[in-house]
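A.B. asks: Okay, here's what each chain looks like letter by letter:
2 protein chains.
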Amino acid sequence: MQAAAVTLSLQKIRAAGIAEGSAKAMKQPANMEQNHPLFRQVYDYMVNRIVREEWKVHDKLPSIRMLAEELQVHRLTVFKAYRELASSGRVYVKDKSGYYVAPAGMLREEPTAEAAAGVPAYSLTNPMSDIQRMPVQYQFSQALIDPGLLPNLFLSDYVKKVFDLYPKVMGTYSSVQGDPELRSVLSRHYQEHYKLQLSPAELLITSGAQQAINLIAGLVLGPMDYVLVERPTYSVALDIFRRAGARLLPVTITPEGYDLEAVEELMRTCRPRMFYINPTHHNPTGHTVPARQRKLLVELAERYRCLLVEDDPFRDIYFGGVPPAPFFAYDTEGWVIYISSFSKYVAPGLRICAVACRHPFMERLITAKSMADNGSPLLNQKIFLHYYTSPRLQQHLGKLRIALQVHKEIMEEELAGSGWEWTAPEGGLNLWIKLPESVSAAALLQRSMEQSISFVPGELCDPLGEMTSWLRLSYSFASENVLREGMRKLMQLAREL
Amino acid sequence: MQAAAVTLSLQKIRAAGIAEGSAKAMKQPANMEQNHPLFRQVYDYMVNRIVREEWKVHDKLPSIRMLAEELQVHRLTVFKAYRELASSGRVYVKDKSGYYVAPAGMLREEPTAEAAAGVPAYSLTNPMSDIQRMPVQYQFSQALIDPGLLPNLFLSDYVKKVFDLYPKVMGTYSSVQGDPELRSVLSRHYQEHYKLQLSPAELLITSGAQQAINLIAGLVLGPMDYVLVERPTYSVALDIFRRAGARLLPVTITPEGYDLEAVEELMRTCRPRMFYINPTHHNPTGHTVPARQRKLLVELAERYRCLLVEDDPFRDIYFGGVPPAPFFAYDTEGWVIYISSFSKYVAPGLRICAVACRHPFMERLITAKSMADNGSPLLNQKIFLHYYTSPRLQQHLGKLRIALQVHKEIMEEELAGSGWEWTAPEGGLNLWIKLPESVSAAALLQRSMEQSISFVPGELCDPLGEMTSWLRLSYSFASENVLREGMRKLMQLAREL
Chain A
90 MQAAAVTLSL QKIRAAGIAE GSAKAMKQPA NMEQNHPLFR QVYDYMVNRI
140 VREEWKVHDK LPSIRMLAEE LQVHRLTVFK AYRELASSGR VYVKDKSGYY
190 VAPAGMLREE PTAEAAAGVP AYSLTNPMSD IQRMPVQYQF SQALIDPGLL
240 PNLFLSDYVK KVFDLYPKVM GTYSSVQGDP ELRSVLSRHY QEHYKLQLSP
290 AELLITSGAQ QAINLIAGLV LGPMDYVLVE RPTYSVALDI FRRAGARLLP
340 VTITPEGYDL EAVEELMRTC RPRMFYINPT HHNPTGHTVP ARQRKLLVEL
390 AERYRCLLVE DDPFRDIYFG GVPPAPFFAY DTEGWVIYIS SFSKYVAPGL
440 RICAVACRHP FMERLITAKS MADNGSPLLN QKIFLHYYTS PRLQQHLGKL
490 RIALQVHKEI MEEELAGSGW EWTAPEGGLN LWIKLPESVS AAALLQRSME
540 QSISFVPGEL CDPLGEMTSW LRLSYSFASE NVLREGMRKL MQLAREL
Chain B
90 MQAAAVTLSL QKIRAAGIAE GSAKAMKQPA NMEQNHPLFR QVYDYMVNRI
140 VREEWKVHDK LPSIRMLAEE LQVHRLTVFK AYRELASSGR VYVKDKSGYY
190 VAPAGMLREE PTAEAAAGVP AYSLTNPMSD IQRMPVQYQF SQALIDPGLL
240 PNLFLSDYVK KVFDLYPKVM GTYSSVQGDP ELRSVLSRHY QEHYKLQLSP
290 AELLITSGAQ QAINLIAGLV LGPMDYVLVE RPTYSVALDI FRRAGARLLP
340 VTITPEGYDL EAVEELMRTC RPRMFYINPT HHNPTGHTVP ARQRKLLVEL
390 AERYRCLLVE DDPFRDIYFG GVPPAPFFAY DTEGWVIYIS SFSKYVAPGL
440 RICAVACRHP FMERLITAKS MADNGSPLLN QKIFLHYYTS PRLQQHLGKL
490 RIALQVHKEI MEEELAGSGW EWTAPEGGLN LWIKLPESVS AAALLQRSME
540 QSISFVPGEL CDPLGEMTSW LRLSYSFASE NVLREGMRKL MQLAREL
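Respectively, the protein sequence lines represent chains A and B. In this text, residue positions in the first sequence follow the working numbering: the first is 90, and each later residue adds one. In this text, residue positions in the second sequence follow the working numbering: the first is 90, and each later residue adds one.
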């Protein structure tokens, strides 16, 4: 059903006939039909309810008319799904009376383990992590930083310090919300560096940004809810939202930011519950939403009561000027949630992330966190705390920016003259690249994985699953020599294709 | 809606008219009515859908008949809810035409933040963690081990060792499934100590048992699914299942285990998707399900395709003999999931837990974990690994068992002659106590919190929310003197009541 939701939503948008949105909207159903025709999605939905015995053997199924209304699809689509159910032996027909659930004996196909478990198929696959789980020699798919560039030795000193300071840290749980000492340090840091007015009570510590997104989605999104997402965006976030059964509304991000008229139109007509944004050195494009748009979008969010979930892991990884203040700085009514992960550039091994939001959402978030894992490990928070408060951090960051810029420039050098197109990012860890028409990212990925080179194909980052001629190359993980060598091999492969 | 589900489910059970279950089942609706009458639950459900604008202003609401069918409740219940909606100004009536959503102007009560967020109320409160968040002098509410009894110094040595062995551990993510080295050590340990045949590929590392329960519930339970739970049980698990919208079916646990006939009857009639069990030194009662029942229940689980989720954190905390082998040891078809947390007795600060299950469920669990937090921190896994493989662990465990038994006996001494009733546990961290009729646990808790003494009132552990004259006292956290002192104060308070 969730899978169906995406398509259904876009039909709604078409119905609403949004001038700007319609171009995109019109494209999707076609694309969706290819991957997973609508009647198939209805079929899966029915199978699911039958397997889970919401409809038991010999129960009468709802009429085609009723189901078509329930799912907001055309009756012919439901008819096609019912015909499919009948031919697979899942249901049987009594003339002039309707469709009934068939006993297992009539089954012509065994229900899969997934169907038996009632788990929608997409939640079983996470192509992103599949690609990233592959051990490769030239790692361009993970937006991680070369461990060689991280302050490993310093950190191990701090660890020893932590044990002297807190001999019982191993024996103690953290509070669910996170170590108070860490939260007060961070709230001060946000005030000084990001211009955010925050109390420690408005911060929650999570295990990475992904847990934060997952907790927020669990609280805010229900089946059929609309959620605005950037196009392209962080693919795992898309998986999380789909899994919650939400309907995705894509908003294109460009070097100039968003088309705010289109955003308002979507907020007005679809009443999305949230907008997931990564507006600073955006993943994957590297774009940064200009300051003037930030204030305006917060106003829209307040007017249409749409939460802005601002994911901001790359703020401190800038090559040019310091980026504009976070959206959260413009928030007056508590409609912005601010996620800042320090995993990337301090210590991925610690998985420390902070979520800033206002009462009463914070209370709900704390409860969700208490159910999810009852609080992040205290040890990690204390280690992070003592490193974070040391002058080492700023020194490390300064060096890291230079090192990453060098990485970026090496990658760009190797790309020069390839006919591949990208916008040089002002920060972050990735290049977002458009291939020439002649090259398909999927074909290139297949060949490159054989050569132990990985990258992220663009369609994974696209809520519409298109952008097949785009790819994301991370320049942050491979060391300089490996980077240069891998890029040359990749260019060679592309020429051969 | 979820809130309603529990009650609705029991109506269904009554309808099914289960001989043994019915006694319990008949009790609940009455009890539910007290806390949250059915029409109220329907009212909340409607308000929710209105606030979330699934029904927009001036939309016509479904007829009483249709909604009564949809929710499987009596029409009078829906009528009552509609009348309530009308009198609160949320809907208005057009004669002979039906109920319509009223514009905000007509509202006589402001929608709460919770309603506005569409979050069911119960998911906003976690009374257990509320009690435990209170800093008290006499801590009997947390089933945690006195940090003074944990091997803090040894662990800090191992930490230094870890940094020498893995200088880049801070800069590295763990694989989503968990550190392979740790998983192979654990699979060997399970074979030697628990008689479990496991490959490292059948283990997933999570951040505590609670995350494991939460991930499994997210994969297995959907709205209106049935789940079997022990009565009493771990209260946070109940919150997690309710939050998934599941319907709870209570199974009483006694020193003899479960009434397997009743369990089979529930499995046959309600087809629950899973049974959450804590069969060894059970929390809160301390009971251990006898070996002969374990094999039988696994057979039932296989016959009725009901997952057994075996939570087993207290296995190694025994005072008498070694407990019988886990249910997982009897599993042949992959219907048992085994959760063993080492947080409690090794290092709560590390939050290391292992989940054992078979293909294909493991693939789904890995994906869920990848979305939840993309893998537990590597540092914690490596620290744990090196301590766990050392002879220190068994030495520590031997001492710990003796220390905890002493704690238990101190608590029992202080309880002697109080007229409070309990079954002396063979292991674990708690006493499960029945108060004399004259004393109410709630009243006692209120008084004791004033005296800085905390414990868990029994009703929180009861899926039916009854057991108001029971309480859980944890003897594991307070040091011996604090334990004795606190118990004397508590007894004194009880006498005063």
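Keep in mind that the hints were calculated from the coordinates and are not lab data. Note that the structure is predicted; figures quoted are calculated from it, not measured. Please note that the accuracy of each hint is not assured.
Derived contacts from chain A toward chain B, CB cut-off under 7 Å, selection only [stated by the list, open to error]:
hint : residue
1    : Val-248
2    : Leu-254
3    : Met-259
4    : Tyr-262
5    : Val-274
6    : His-278
7    : Asn-303
8    : Pro-437
9    : Asn-469
As a list, the in silico BS3-like pairs of lysine-lysine whose alpha-carbon atoms are at most 30 Å apart [claimed, not checked]:
hint : chain 1 : residue 1 : chain 2 : residue 2
10   : A       : Lys-488   : A       : Lys-249
11   : A       : Lys-257   : B       : Lys-249
12   : B       : Lys-578   : A       : Lys-250
13   : A       : Lys-250   : A       : Lys-183
14   : A       : Lys-257   : B       : Lys-250
15   : A       : Lys-250   : B       : Lys-257
16   : B       : Lys-488   : A       : Lys-257
17   : B       : Lys-183   : B       : Lys-250
18   : A       : Lys-149   : A       : Lys-183
19   : B       : Lys-257   : B       : Lys-284
20   : B       : Lys-488   : B       : Lys-249
21   : A       : Lys-488   : B       : Lys-169
22   : B       : Lys-149   : A       : Lys-149
23   : A       : Lys-284   : A       : Lys-384
24   : B       : Lys-183   : B       : Lys-145
25   : A       : Lys-488   : A       : Lys-578
26   : A       : Lys-249   : B       : Lys-249
27   : A       : Lys-488   : B       : Lys-257
28   : B       : Lys-257   : A       : Lys-257
Over 12 Å on every C-beta distance to chain B, these chain A residues come out as not near it, computed from the model [as the list claims (entries may be wrong)]:
hint : residue
29   : Asp-246
30   : Gln-299
31   : Arg-536
Even for Gly, the Cβ is constructed at its ideal location relative to N, Cα and C.
A.B. asks: Classify the hint on Val-274 of chain A as holds or violated, based on whether any CB of chain B lies nearer than 7 Å to its CB.
C.D. replies: This hint is violated: Val-274 of chain A lies away from chain B, its Cβ roughly 19 Å from the closest one there, beyond 7 Å.
A.B. asks: Does the claim that Arg-536 of chain A lies outside the interface with chain B hold up, using a Cβ gap greater than 12 Å?
C.D. replies: holds (26 Å)
A.B. asks: Checking hints one by one. Is Met-259 of chain A an interface residue toward chain B, by the C-beta closer than 7 Å rule?
C.D. replies: holds (4 Å)
A.B. asks: Within a Cα-Cα threshold of 30 Å, do Lys-250 of chain A and Lys-257 of chain B meet the stated pairing?
C.D. replies: The hint holds at about 18 Å.
A.B. asks: Checking one constraint from the list: CA of Lys-488 of chain A to CA of Lys-249 of chain A, max 30 Å. Satisfied?
C.D. replies: Holds, at about 24 Å.
A.B. asks: Can the hint on Asn-303 of chain A be confirmed by a CB-to-CB distance to chain B that is less than 7 Å?
C.D. replies: This interface hint holds because 6 Å falls under the 7 Å limit.
A.B. asks: Quickly compare the C-alpha distance for Lys-250 of chain A and Lys-183 of chain A to 30 Å and report which way the hint goes.
C.D. replies: violated (76 Å)
A.B. asks: Given the hinted pair Lys-257 of chain A and Lys-250 of chain B, is their alpha-carbon gap at most 30 Å?
C.D. replies: Judged against 30 Å, a Cα distance of about 18 Å means the pair holds.
A.B. asks: Taking the closest Cβ pair, is Leu-254 of chain A under 7 Å from chain B?
C.D. replies: Check failed: Cβ of Leu-254 of chain A comes no nearer than 11 Å to chain B, outside 7 Å.
A.B. asks: Take a quick look at whether Lys-149 of chain B and Lys-149 of chain A sit within 30 Å of each other, Cα to Cα.
C.D. replies: Distance ~27 Å between Lys-149 of chain B and Lys-149 of chain A Cα, so the pair holds.
A.B. asks: Going by Cβ atoms only, is Val-248 of chain A closer than 7 Å to chain B?
C.D. replies: Since the shortest Cβ distance to chain B is 6 Å, the answer is holds.
A.B. asks: Would the non-interface assignment of Gln-299 of chain A survive a Cβ cutoff of 12 Å against chain B?
C.D. replies: violated (5 Å)
Checked against the numbered hints given earlier, this structure breaks hints 2, 5, 6, 12, 13, 17, 19, 21, 29 and 30; the rest are met.
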